[in-house]
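A.B. asks: If you read the sequences in order, they're chains D and C.
Note that full-length UniProt numbering gives residue 91 to position 91 of the first sequence, counting from 1, and the numbers run on in steps of one.
Note that full-length UniProt numbering gives residue 214 to position 214 of the second sequence, counting from 1, and the numbers run on in steps of one.
Just so you know, the hints here were simulated from the structure itself, not pulled from any lab data.
Do not take every clue at face value.
Quick list of in silico lysine to any residue cross-link-like pairs, SDA-like style, CA-CA up to 25 Å [stated by the list, open to error]:
{"id": "1", "chain 1": "C", "residue 1": "Lys278", "chain 2": "D", "residue 2": "Lys192"}
{"id": "2", "chain 1": "D", "residue 1": "Lys192", "chain 2": "C", "residue 2": "Thr106"}
{"id": "3", "chain 1": "D", "residue 1": "Lys192", "chain 2": "C", "residue 2": "Arg107"}
{"id": "4", "chain 1": "C", "residue 1": "Lys393", "chain 2": "C", "residue 2": "Pro146"}
{"id": "5", "chain 1": "C", "residue 1": "Lys393", "chain 2": "C", "residue 2": "His263"}
{"id": "6", "chain 1": "D", "residue 1": "Lys239", "chain 2": "C", "residue 2": "Gln296"}
FRET-style restraints, in silico, Cβ to Cβ [stated by the list, open to error]:
{"id": "7", "chain 1": "D", "residue 1": "Ser158", "chain 2": "C", "residue 2": "Lys49", "range": "34 to 42 Å"}
{"id": "8", "chain 1": "C", "residue 1": "Pro251", "chain 2": "D", "residue 2": "Glu110", "range": "33 to 41 Å"}
{"id": "9", "chain 1": "D", "residue 1": "Glu160", "chain 2": "C", "residue 2": "Val184", "range": "12 to 20 Å"}
{"id": "10", "chain 1": "D", "residue 1": "Arg226", "chain 2": "C", "residue 2": "Glu13", "range": "45 to 53 Å"}
{"id": "11", "chain 1": "C", "residue 1": "Arg66", "chain 2": "D", "residue 2": "Leu131", "range": "54 to 62 Å"}
Note that beta-carbon positions come from the ideal geometry of N, C-alpha and C, so glycine has one too.
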Amino acid sequence: MENRIAKAFAKKQRNLLNVYLTAGYPTLDATVPLIEALVSSGADLIEIGMPFSDPLADGPVIQASSTAALLNGMNLWVLFAQLKDIRQRVPETPILLMGYLNPVMQFGMENFCREAAAAGVDGLILPDLPLVEYEEEYQDLFRRYNLRPVFLITPQTSTERIRRIDALTESFLYLVSGPGTTGGGTAQDPTKQEAYFERIAAMNLRNPRLIGFGIGDKASFERACRYAEGAIIGSAFIKALESKEDAPAAAREFVESVLN
Amino acid sequence: MTYQPNARGYYGEFGGAYIPEMLYPNVEELQANYLQILADPDFQREYQKLLRDYVGRPTPLFEAKRLSAKYGTRIFLKREDLCHTGAHKVNNTVGQILMARRLGKTRIIAETGAGQHGVATATVCALMGMECIVYMGKIDMERQRPNVERMRLLGAEVRAAVSGSQTLKDATNEAIRDWISNPVDTHYIIGSVVGPHPYPDLVARLQSVISEEMRKQLNEELGRELPDYVVACVGGGSNAAGAFYHFLDEPSVKLIAVEAAGHGINSGHSAATSVLGKPGIIHGSRTLLMQDEHGQITEPYSLSAGLDYPGIGPLHAFLGTSGRARFISIEDEQALYSVAELSRLEGIIPALETAHALAALPQLGAGPEDIVVVNLSGRGDKDLATYLQFADKLNSYEF
Ligand SMILES: Cc1ncc(COP(=O)(O)O)c(C=O)c1O
Numbered sequence: 001m002e003n004r005i006a007k008a009f010a011k012k013q014r015n016l017l018n019v020y021l022t023a024g025y026p027t028l029d030a031t032v033p034l035i036e037a038l039v040s041s042g043a044d045l046i047e048i049g050m051p052f053s054d055p056l057a058d059g060p061v062i063q064a065s066s067t068a069a070l071l072n073g074m075n076l077w078v079l080f081a082q083l084k085d086i087r088q089r090v091p092e093t094p095i096l097l098m099g100y101l102n103p104v105m106q107f108g109m110e111n112f113c114r115e116a117a118a119a120g121v122d123g124l125i126l127p128d129l130p131l132v133e134y135e136e137e138y139q140d141l142f143r144r145y146n147l148r149p150v151f152l153i154t155p156q157t158s159t160e161r162i163r164r165i166d167a168l169t170e171s172f173l174y175l176v177s178g179p180g181t182t183g184g185g186t187a188q189d190p191t192k193q194e195a196y197f198e199r200i201a202a203m204n205l206r207n208p209r210l211i212g213f214g215i216g217d218k219a220s221f222e223r224a225c226r227y228a229e230g231a232i233i234g235s236a237f238i239k240a241l242e243s244k245e246d247a248p249a250a251a252r253e254f255v256e257s258v259l260n
Numbered sequence: 001m002t003y004q005p006n007a008r009g010y011y012g013e014f015g016g017a018y019i020p021e022m023l024y025p026n027v028e029e030l031q032a033n034y035l036q037i038l039a040d041p042d043f044q045r046e047y048q049k050l051l052r053d054y055v056g057r058p059t060p061l062f063e064a065k066r067l068s069a070k071y072g073t074r075i076f077l078k079r080e081d082l083c084h085t086g087a088h089k090v091n092n093t094v095g096q097i098l099m100a101r102r103l104g105k106t107r108i109i110a111e112t113g114a115g116q117h118g119v120a121t122a123t124v125c126a127l128m129g130m131e132c133i134v135y136m137g138k139i140d141m142e143r144q145r146p147n148v149e150r151m152r153l154l155g156a157e158v159r160a161a162v163s164g165s166q167t168l169k170d171a172t173n174e175a176i177r178d179w180i181s182n183p184v185d186t187h188y189i190i191g192s193v194v195g196p197h198p199y200p201d202l203v204a205r206l207q208s209v210i211s212e213e214m215r216k217q218l219n220e221e222l223g224r225e226l227p228d229y230v231v232a233c234v235g236g237g238s239n240a241a242g243a244f245y246h247f248l249d250e251p252s253v254k255l256i257a258v259e260a261a262g263h264g265i266n267s268g269h270s271a272a273t274s275v276l277g278k279p280g281i282i283h284g285s286r287t288l289l290m291q292d293e294h295g296q297i298t299e300p301y302s303l304s305a306g307l308d309y310p311g312i313g314p315l316h317a318f319l320g321t322s323g324r325a326r327f328i329s330i331e332d333e334q335a336l337y338s339v340a341e342l343s344r345l346e347g348i349i350p351a352l353e354t355a356h357a358l359a360a361l362p363q364l365g366a367g368p369e370d371i372v373v374v375n376l377s378g379r380g381d382k383d384l385a386t387y388l389q390f391a392d393k394l395n396s397y398e399f
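Input sequences plus hints: build the corresponding full structure.
C.D. replies: Now the structure itself:
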């Protein structure tokens, strides 16, 4: 089955920019205008964060945006309603939903997949969904709705496990740049990081790779693109929206500052 | 029916390891090694010796005669409050620090609610000369101030968790984030039977010494190993897991788990997870948890910092839903009454958490011939500030 993620990577093999936004942030209705602004200014993939009360893998910036989004009234019903016509506005760009398992479970995994597919979502990133549970319980369901899972790889992930993740993936691999939550809490040793990126690059995996966590500007984006097909920016983008009146304009400005 | 988890850490439908990839190597390392380490004779020798000479085990099983007379049944108190540091929590931290050393870890992190687990962790870190960082909700740091000072005196760094309700749940979030950021040298000593597999089983096994001793002591005292009731409070559920453990497969023993109802189950200010919770995922485990219709975790409330948690361990979710354990919820006021009661009738000032277990006594339906063991999980020293705040009320009760 065709999927926009594969097409995006086929069309442009290098320097792909994936931008993460938190649904319902900075205002409840900002989700769709922000997606349009990101795409029109050059983002190649869009990752929509579904806010959760207790985002364990996220640093302070995305935590705060999640709390704000929940206070704004964001939830999965609202999000799917907002995304109803997204494919008329953004026909080609892959859209992924990223979030924690509990809200998805309460929505119901099958309902969730059906709504996501109906909205034109292409992939799912559920970081606390264990690989075995995915294989045993959800793989068929995801396939039925043509939703591609994306799994994370860290510097500590064993070679054997990377191979297994690669075999289960038909989209891209999410390379976490180093130890830490989103936003890149701890300072990283560049030599170690380089060795890690090169080790993965040398494995000849079947999926392309995007590097995420701690990527935030032109320099870090370009550096990441030397080791992978592209990179993911989250916290730095959310931060760029803070206290901005015109969020879409801030989004365009941000993407342009990374790409140009 | 078995009450042991399967290889993937499930008790029935509850348990498992729902963790982001960043935690996978650490959790897998523990999963692969914990049973072997626990079974290792060297480990056991060291652990048992520390339990005896450092913790002060076995803890007494004390027949509370005046309390028994009042409730018309035979009540025994398992004196975990006499453990070094003042609560059962140290049984677990002694075991986990020995395990951390065997895994080559040099840095210890922990979360704490009432501060008892934080103190117990700081204590064993001092003993072993290891770096110790304890995460504690900002509100809990205020209401359990003496324990914050104790941790600092023991050389630990206490970091305030300022997100959410600034209590145990949020401290646990911060500890998990720390572990994500320090994946190689750090061991996370979880303080209750919560978290991803193997923690619920690991902590239950390390606390199981409580019920092991109970059986022996009941036999010596009464010539029978089995009581009719075992009563324990449940925050995450570690003291209850330890008190229930060796009775799980004894259907004649009624297991009573006591939760905090805060201002009342339907008041919107409660931590009675077994009533208010639905299956979901919290801190890496599929269990019962308090959440709204969108799956957002709701903020719990209890006057007692150690019970102020929106989930329960997966073992307890299974014991509750399968009917093996009976859950009772106790409000703040009832717990305060029991604090005064045990202080005045038996000369023992209990922790506020423990007082919830005592407050369930009138609801048991136990008869004069019945043997009731209450797990006295901790002493009340840490709660003096709260008790002072309610001094007029506490002193007004007649016994
Ligand atoms: C004295 C005491 N009892 C009980 C608890 C609750 O924990 P658990 O349910 O894991 O035994 C605590 C937690 O801080 C405690 O300090």
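A.B. asks: Do the Cβ positions of Glu160/D and Val184/C conform to the proposed distance bound of 12 to 20 Å?
C.D. replies: Given about 19 Å between the Cβ atoms, the range holds.
A.B. asks: Taking 25 Å as the top limit, are the C-alpha atoms of Lys192/D and Thr106/C close enough?
C.D. replies: Distance ~21 Å between Lys192/D and Thr106/C Cα, so the pair holds.
A.B. asks: Against the range 34 to 42 Å, how does the distance between the Cβ atoms of Ser158/D and Lys49/C compare: consistent or not?
C.D. replies: Since the Cβ atoms of Ser158/D and Lys49/C sit about 36 Å apart, the hinted range of 34 to 42 Å holds.
A.B. asks: CA of Lys278/C to CA of Lys192/D, is that 25 Å or under?
C.D. replies: 44 Å, violated
A.B. asks: Just to be careful, I want the Cα atoms of Lys393/C and Pro146/C compared with a cutoff of 25 Å; is the pair within it?
C.D. replies: 22 Å, holds
A.B. asks: What's the verdict on Lys192/D and Arg107/C, does the C-alpha distance respect the 25 Å limit or exceed it?
C.D. replies: 21 Å, holds
A.B. asks: So if I understand the rule, the pair passes when the alpha-carbon distance is 25 Å or less; does Lys393/C with His263/C pass?
C.D. replies: 16 Å, holds
A.B. asks: Can the suggested window of 33 to 41 Å be confirmed for the beta-carbon pair Pro251/C and Glu110/D?
C.D. replies: About 38 Å separates the Cβ atoms of Pro251/C and Glu110/D, which means 33 to 41 Å holds.
A.B. asks: Sort out whether Gln296/C lies within 25 Å of Lys239/D, counting only the CA atoms.
C.D. replies: At roughly 24 Å apart (the allowed maximum being 25 Å), Gln296/C and Lys239/D satisfy the hint.
A.B. asks: That 54 to 62 Å hint for Arg66/C and Leu131/D (C-beta), does it hold up?
C.D. replies: This hint holds: roughly 57 Å between Cβ atoms.
A.B. asks: Using the C-beta atoms of Arg226/D and Glu13/C, is the stated range 45 to 53 Å upheld?
C.D. replies: Given about 46 Å between the Cβ atoms, the range holds.
The earlier numbered hint that this structure contradicts is number 1, and it is the only one.
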